[in-house]
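Enquirer: Take a look at the letters that make up each chain.
There are 2 protein chains.
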Amino acid sequence: MSEGRKPYSEMSNEELEALERKLKAEYKKIQGLGLELNMSRGKPCVEQLDLSMGMMDVLSSDSDLRCEDGTDCRNYGVLTGIPEALELMGDMMEVPYDHLIIYGNSSLNVMYDQISRSYSHGVMGNTPWCKLDKVKFLCVVPGYDRHFRITEYFGIENVCVPMLETGPDMDMVEELVSSDESIKGIWCVPKYSNPTGNSYSDETVRRFARLKPAAKDFRIYWDNAYTIHHLYDHDQDHLIEILAECKRAGNPDLVYKFASTSKVCFPGSGIAAMATSLNNLEDVKQQLKVQTIGHDKVNQLRHVRFFKDIHGMVEHMRKHADILRPKFEMVEKICEEELGGLGIAKWTNPKGGYFISFDTMDGCAKEVVRKCAKAGVVLTPAGATYPGGVDPHDANIRIAPSFPPLNDLKTATELLCLATKYVACTKILEQRRAEAPSPVAAQ
Amino acid sequence: MSEGRKPYSEMSNEELEALERKLKAEYKKIQGLGLELNMSRGKPCVEQLDLSMGMMDVLSSDSDLRCEDGTDCRNYGVLTGIPEALELMGDMMEVPYDHLIIYGNSSLNVMYDQISRSYSHGVMGNTPWCKLDKVKFLCVVPGYDRHFRITEYFGIENVCVPMLETGPDMDMVEELVSSDESIKGIWCVPKYSNPTGNSYSDETVRRFARLKPAAKDFRIYWDNAYTIHHLYDHDQDHLIEILAECKRAGNPDLVYKFASTSKVCFPGSGIAAMATSLNNLEDVKQQLKVQTIGHDKVNQLRHVRFFKDIHGMVEHMRKHADILRPKFEMVEKICEEELGGLGIAKWTNPKGGYFISFDTMDGCAKEVVRKCAKAGVVLTPAGATYPGGVDPHDANIRIAPSFPPLNDLKTATELLCLATKYVACTKILEQRRAEAPSPVAAQ
Chain A
106 MSEGRKPYSE MSNEELEALE RKLKAEYKKI QGLGLELNMS RGKPCVEQLD
156 LSMGMMDVLS SDSDLRCEDG TDCRNYGVLT GIPEALELMG DMMEVPYDHL
206 IIYGNSSLNV MYDQISRSYS HGVMGNTPWC KLDKVKFLCV VPGYDRHFRI
256 TEYFGIENVC VPMLETGPDM DMVEELVSSD ESIKGIWCVP KYSNPTGNSY
306 SDETVRRFAR LKPAAKDFRI YWDNAYTIHH LYDHDQDHLI EILAECKRAG
356 NPDLVYKFAS TSKVCFPGSG IAAMATSLNN LEDVKQQLKV QTIGHDKVNQ
406 LRHVRFFKDI HGMVEHMRKH ADILRPKFEM VEKICEEELG GLGIAKWTNP
456 KGGYFISFDT MDGCAKEVVR KCAKAGVVLT PAGATYPGGV DPHDANIRIA
506 PSFPPLNDLK TATELLCLAT KYVACTKILE QRRAEAPSPV AAQ
Chain B
106 MSEGRKPYSE MSNEELEALE RKLKAEYKKI QGLGLELNMS RGKPCVEQLD
156 LSMGMMDVLS SDSDLRCEDG TDCRNYGVLT GIPEALELMG DMMEVPYDHL
206 IIYGNSSLNV MYDQISRSYS HGVMGNTPWC KLDKVKFLCV VPGYDRHFRI
256 TEYFGIENVC VPMLETGPDM DMVEELVSSD ESIKGIWCVP KYSNPTGNSY
306 SDETVRRFAR LKPAAKDFRI YWDNAYTIHH LYDHDQDHLI EILAECKRAG
356 NPDLVYKFAS TSKVCFPGSG IAAMATSLNN LEDVKQQLKV QTIGHDKVNQ
406 LRHVRFFKDI HGMVEHMRKH ADILRPKFEM VEKICEEELG GLGIAKWTNP
456 KGGYFISFDT MDGCAKEVVR KCAKAGVVLT PAGATYPGGV DPHDANIRIA
506 PSFPPLNDLK TATELLCLAT KYVACTKILE QRRAEAPSPV AAQ
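Order-wise, the sequence lines are chains A and B. Residue numbering for the first sequence follows this note's numbering, beginning at 106 and increasing consecutively. Residue numbering for the second sequence follows this note's numbering, beginning at 106 and increasing consecutively.
Watch out, some of these pointers could steer you wrong.
Note that identical chains are pooled: a pair holds if it fits in a single copy or bridges any two copies.
Claimed, not checked - DMTMM-like mimics (lysine to aspartate or glutamate), calculated; alpha carbons at most 20 Å apart, straight line:
no. : residue 1 : residue 2
1   : Lys438    : Glu280
2   : Lys133    : Glu173
3   : Lys390    : Glu257
4   : Lys236    : Glu257
5   : Lys236    : Asp513
6   : Lys236    : Glu262
7   : Lys236    : Glu189
8   : Lys424    : Asp162
9   : Lys394    : Asp250
10  : Lys394    : Glu257
11  : Lys239    : Glu199
Hints in this document: simulated from the structure, not taken from any laboratory.
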């Protein structure tokens, strides 16, 4: 780039002022283009959706809609899922088929229902949370806004734990969980995390499985949303399977594990599942059987007939990767080209999942998002990755590269970089002015 | 029948004893047949399910899966339902399309969620039920066991209100609802009621709409499960539309109305909906948007493409009626032939819905169900139509004629009649023996 690789912090005021004028002019030019782009949510793009159109053909009026145990999937019944769907989702989630329940179309809904049940009825005979004065939840930050909103909705205090390279700060998690009985759970996206894209290290998972919670009804909410959502064939993150690890550690009931096919086939028309210990399953089923007669078995059957087995699903995910990989790589390349070495931003280079986490200088994220919006590019609101929408550093922006076409994504990322530079420039100049001896004092 | 039309109560002890011996012999004979029949739940039969197989063909890999407003139904989004599905379900439920939310596959689940939300968060700003010492619900009896189980599960006291020819005993409903602030709702199946099969009269609906509840958060849970489920083309029950009636009465927020396509196409793979006032909808949406991103839009689209519109749905229901009508009529005919005039049982002759309500003499239902089970015919457990499974009269049995083939249904109904006679005979003889002067006193 024309401004070179010199970090902004090493530039003189004059250099920065010249740069600011230049960036402002560039920004005005882009504003004039009338862009209308959206990089705000982790939605698959049209080409990805097209991959699953065959799912509309696997069942027809000639099909036998009985599942392998002979049950007519067209009628009432089967609370926890048909056998072949349990096997498929069990394989996807790396758990035995008898350790899970298949639900409806939304894993978010399953998580909500777990919190709701714990609130109204308690976990395995423990006091319902609604009868307690104080309930707290740990939130790994930056993290997934919709997780935080569920606990918030139930009046639960969200307590932030920072996400490190290796996963959540486990010293902090261990300290809090073992000392505070009001802490009842933690929200985790352990693999290709939302939004950082990195995965929990082996040591982190082992430490999770060995937690000694003060609260008997503490549970890890392990939202393994991106379990098979790799970008590369050979360079994949691997996560220790948490249920098995908890069992080995003598803590079999510590985890609720969630997944869905939302980003495998059609979001909103997939199937979601929860895997957990047999004790927890029994506890959950006592509620589930009051709530419903059963979930959509025809859709379960449709999934199995389409993917056939976990190998089919994995092959299918390679096609997704072929579409997503160039998008991720382009965002990363533009960021490197535009921002590398300037000391005003950092970003992640994930090997899977749906997001890139982007950090501006402290105090700049809101203004960067605002500037992008004013030039026609919608980003996830700054702060959205923190409980209550408040990022104490005002630095984190979640980039969702999946949905826009490659060309739009290029434009949007270039704008993001430009806005980041422009805002950083102004910020540094403001800071220097504030720190400089005041003109009055100098007189 | 060979024992004639003489009511049992007018028979001499000798006549009854002879009859008991004869019925016992008949019963033993049937027991020897090794029957395995199930008349226990309101499930559509295979021929009914076959009617909807075309639903598997309306979407294919060549289909445009955008709905009429252009939304790609394959992707995330749309919290309350796609426009054409709102119109179809609105027409089915006789409410404007903007007064409803389309949910997932189960209206039971929707009702559960309303209770759960009221328990945890309260209704429209009122105190959450979990913070109250006492919450009560009215249950029209006999009624639907799964309704009662939801309120039971939340520790709510179920209070019985008897079902009359015209609907619930409205004197009692008005008295209770207006005087007791802890009464927060009432479970209703207003049309072709489960299990009695009769529908609420115009006066009953009007009185419902004009209730003056002591509790501001009192709501009528109006489960219109059988709204278009007629048995006859021209002899149909008609129900005043409750939402409009409530609005006219100045009580717009009084009702949550539920329905689903479970018994229109495939139970468990249909779509459910709730209709209510705009105020209530807003209240519900505050929770719903935390719980999920949206329900299964592809399945909503599948329904609309299959039925096209309400006329298509009504035509479809006529085909169901053609299958169900002979089953209902056969049960009623056998009951009349076997039990008519004997004074030991009565039953309903509904014009729609899924059930016939059958009453034995007081204190006989459990034994009749037991005797049927021992001869291989499973009926809904006696008492199931009452909260807690306890029928104070031990008289009511819910007959579900839909599922078994006609021939099996014939055998099962004959057994039911035989068991009813046998148990009644024994019961009357026991009563007479208990009432007769004791042999010692007569000496």
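Enquirer: Given identical chains, is Lys133 near Glu173, meaning Cα to Cα at most 20 Å, within a copy, between copies, both, or neither?
Expert: Close neither inside one copy (63 Å) nor across copies (38 Å); limit 20 Å.
Enquirer: Given identical chains, is Lys390 near Glu257, meaning Cα to Cα at most 20 Å, within a copy, between copies, both, or neither?
Expert: Between copies only: 16 Å across chains, 25 Å inside a chain, cut-off 20 Å.
Enquirer: At most 20 Å between CA atoms: does that hold for Lys438 and Glu280 within a copy, between copies, both, or neither?
Expert: neither (39 Å within a copy, 73 Å between copies)
Enquirer: For Lys239 vs Glu199, is the C-alpha pair at or below 20 Å within one copy, between two copies, both, or neither?
Expert: Close neither inside one copy (35 Å) nor across copies (45 Å); limit 20 Å.
Enquirer: Please work out whether the CA atoms of Lys236 and Glu262 approach to 20 Å or closer within one copy, between two copies, in both situations, or in neither?
Expert: Result: close both inside a copy and across copies, 15 Å intra and 19 Å inter.
Enquirer: Treating 20 Å as the Cα threshold, decide for Lys236 and Asp513: within, between, both or neither.
Expert: neither (51 Å within a copy, 51 Å between copies)
Enquirer: As a check of your reading, is Lys236 near Glu257 (CA-CA no more than 20 Å) within one copy, between copies, both or neither?
Expert: Answer is both: 17 Å inside a copy and 18 Å across each meet the 20 Å cutoff.
Enquirer: Are the CA atoms of Lys394 and Asp250 at most 20 Å apart within a copy, between copies, both, or neither?
Expert: between (30 Å within a copy, 12 Å between copies)
Enquirer: Treating 20 Å as the Cα threshold, decide for Lys394 and Glu257: within, between, both or neither.
Expert: between (27 Å within a copy, 13 Å between copies)
Enquirer: Using 20 Å as the alpha-carbon threshold, which applies to Lys236 and Glu189: within, between, both, or neither?
Expert: neither (40 Å within a copy, 43 Å between copies)
Enquirer: First find the shortest C-alpha distance between Lys424 and Asp162 inside one copy, then the shortest across copies, and answer within, between, both or neither for a cut-off of 20 Å.
Expert: For Lys424 and Asp162, only the intra-copy Cα distance (19 Å) is at most 20 Å; the inter-copy one is 26 Å.
Going down the numbered hints, you'll see the structure goes against 1, 2, 5, 7, 11, while the others check out.
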